[in-house]
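Visitor: One line per chain: the protein sequences are B and H, in this order.
Counting along the first sequence from 1, when you hit position 8 you're at 8 in this note's numbering, and nothing is skipped either side.
Counting along the second sequence from 1, when you hit position 83 you're at 83 in this note's numbering, and nothing is skipped either side.
Here are the simulated DMTMM-like cross-link-like pairs (lysine to aspartate or glutamate), alpha carbons at most 20 Å apart as the crow flies:
| # | chain 1 | residue 1 | chain 2 | residue 2 |
| --- | --- | --- | --- | --- |
| 1 | B | LYS105 | H | GLU85 |
| 2 | H | LYS78 | H | GLU44 |
| 3 | B | LYS105 | B | GLU8 |
| 4 | B | LYS52 | B | GLU69 |
| 5 | H | LYS11 | B | GLU42 |
| 6 | H | LYS11 | H | ASP86 |
| 7 | B | LYS105 | H | GLU44 |
| 8 | H | LYS78 | H | ASP63 |
| 9 | B | LYS105 | H | ASP86 |
| 10 | B | LYS77 | B | GLU16 |
| 11 | B | LYS77 | B | GLU8 |
| 12 | B | LYS60 | B | GLU42 |
If you are wondering where the hints come from, they were derived from the structure by calculation, not from laboratory data.
What follows is each chain in one-letter form.
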Amino acid sequence: GNSVTQMEGPVTLSEEAFLTINCTYTATGYPSLFWYVQYPGEGLQLLLKATKADDKGSNKGFEATYRKETTSFHLEKGSVQVSDSAVYFCALNPSGANSKLTFGKGITLSVRP
Amino acid sequence: GAGVSQSPRYKVAKRGQDVALRCDPISGHVSLFWYQQALGQGPEFLTYFQNEAQLDKSGLPSDRFFAERPEGSVSTLKIQRTQQEDSAVYLCASSLAVSAGGGDTQYFGPGTRLTVL
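Could you build all of it, start to finish, from the sequences and the hints given here?
Guide: Here you go:
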């Protein structure tokens, strides 16, 4: 079946530090890959996505590249801000159908001033 | 409205009570999804509608869970005879469903936090 594995958290960084959050997946075919973010007190919102191999999704300074050879979709940001403190979820949507998302467990990021 | 709305935002039920959770998707969105999110976990799929048709209910944990979307817009998730293990945040999401490739963005509501005592 489909699955998403995220690195263990929580992660605490100082402002302006470099961020990497690892995500690997297991799926048949060519899934679409997503990063969702949940800010404190708010609902899940899409951060970025990639729908085919070697695509790079980007938004708000975050980037992730769809690597089929390593089945990975790691999230990176060159310089984090306090406002990036949130829970980050990696997710996949199987190929060939508009269907359910499979999520990872999520990781909490705290950025201190 | 501008986004997906859910009501109530919080629900406390005594064990054995029935509850009904409502979702108003974004206007014009064909697909509607329900997810369950336990504390400290990622959302897990419950069920999926395309217009009024329930195409996938494989994630519903038991026959106490029932969902409907009779007119292809508003959806209700009903849980009968609630148990403590039903305590979770229930999320609704909708998407346009114009792509067959799985890349459509799902837009999530704020969720309903259900606590069963």
